[in-house]
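Produce the entire structure from the sequences given, and follow the hints as far as they go.
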Amino acid sequence: GQNIDQPTEMTATEGAIVQINCTYQTSGFNGLFWYQQHAGEAPTFLSYNVLDGLEEKGRFSSFLSRSKGYSYLLLKELQMKDSASYLCAVIPASGGSYIPTFGRGTSLIVHP
Amino acid sequence: KAGVTQTPRYLIKTRGQQVTLSCSPISGHRSVSWYQQTPGQGLQFLFEYFSETQRNKGNFPGRFSGRQFSNSRSEMNVSTLELGDSALYLCASSLGTVPQETQYFGPGTRLLVL
Numbered sequence: 617g618q619n620i621d622q623p624t625e626m627t628a629t630e631g632a633i634v635q636i637n638c639t640y641q642t643s644g645f646n647g648l649f650w651y652q653q654h655a656g657e658a659p660t661f662l663s664y665n666v667l668d669g670l671e672e673k674g675r676f677s678s679f680l681s682r683s684k685g686y687s688y689l690l691l692k693e694l695q696m697k698d699s700a701s702y703l704c705a706v707i708p709a710s711g712g713s714y715i716p717t718f719g720r721g722t723s724l725i726v727h728p
Numbered sequence: 011k012a013g014v015t016q017t018p019r020y021l022i023k024t025r026g027q028q029v030t031l032s033c034s035p036i037s038g039h040r041s042v043s044w045y046q047q048t049p050g051q052g053l054q055f056l057f058e059y060f061s062e063t064q065r066n067k068g069n070f071p072g073r074f075s076g077r078q079f080s081n082s083r084s085e086m087n088v089s090t091l092e093l094g095d096s097a098l099y100l101c102a103s104s105l106g107t108v109p110q111e112t113q114y115f116g117p118g119t120r121l122l123v124l
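As given, the protein sequences belong to chains A and B, one line each in that order.
In this note's numbering, each number is its position in the first sequence, counted from 1, plus 616.
In this note's numbering, each number is its position in the second sequence, counted from 1, plus 10.
These aren't lab readings, by the way, just hints derived from the structure by calculation.
If you're wondering where the values come from, they're calculated on a predicted model, not measured in any experiment.
Computed footprint of chain A on chain B, listed as stretches where at least three residues anywhere in the stretch have a Cβ under 8 Å from a Cβ of chain A: (1) 50-58; (2) 115-121.
Anything over 10 Å on all C-beta distances counts as not near chain A; from chain B, calculated: (3) A12; (4) S37; (5) P71; (6) F74; (7) F79; (8) S89; (9) E92; (10) S96; (11) L124.
Quick reminder that beta carbons are idealized off the backbone N, C-alpha and C, glycines included.
Have a look at this one:
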C-alpha cells in the first residue's frame, strides 16, 4: 500500500522560514509533488522532484531523498498569504499508474 | 489557456438522491482524474479517464461512477447519496502521457448531503 505522512498543522511568524516535512512509503517511486491549497480553493502546483537534492524556486524550495523516503518544502520570508494547506503527493511506480497518492496536507498558519 | 472548470460549484442534496458533476479539462488535456476531499481523509482518488476509457480506479463503492466524452469533458455520478458523501469533489486534468506530468485542478464542487 501507499503511505504518506505530513504534520497536520504548523504555525510560523511573518518573515520567518518554515520547513514542512513529508515521509512516504510507496510501491515504487516516479516523483513527488508539492501543492498549495488555500481555503475553499483548488490545489495549485508548487514543485516536482524526481531526483535527490534541492530544487529552488523563488521563496520556495523542495528537497528529496529517495533512499530515506523523505521530502521537505522550505518556505522563506513568510508572508501572510502563505497561510494555506500544503499537500505532498507521490507518484508510485506500480502498474503504470499515473495517479499521485496525496498526504492529508499540512495546514500552515502565518501570524504577524 | 482557460483552466479546468467544474459545474456546479455548490450542491445540496438529500440522502438517497443521485447527483451528476461535470468537469471540463484544459484544452488538449486527455486525462481527467476525480478526487474526493474531506477534512478527515484528505484528498482521495476516485478514478481517472483517458481517451474516454477508465484507466485507473480508486477504492470507492460502485455508487460512484464516471465517464468521459470525446471532447475530454468528464462527468461523475453518485447514486443513492449518503451523508458521508458530503465533500469537495475536485477534478484535475493533464496530458496523461507520462507519470511526471503536473495535474491542474478545477475549483471543485462542494456537495452537501442532508
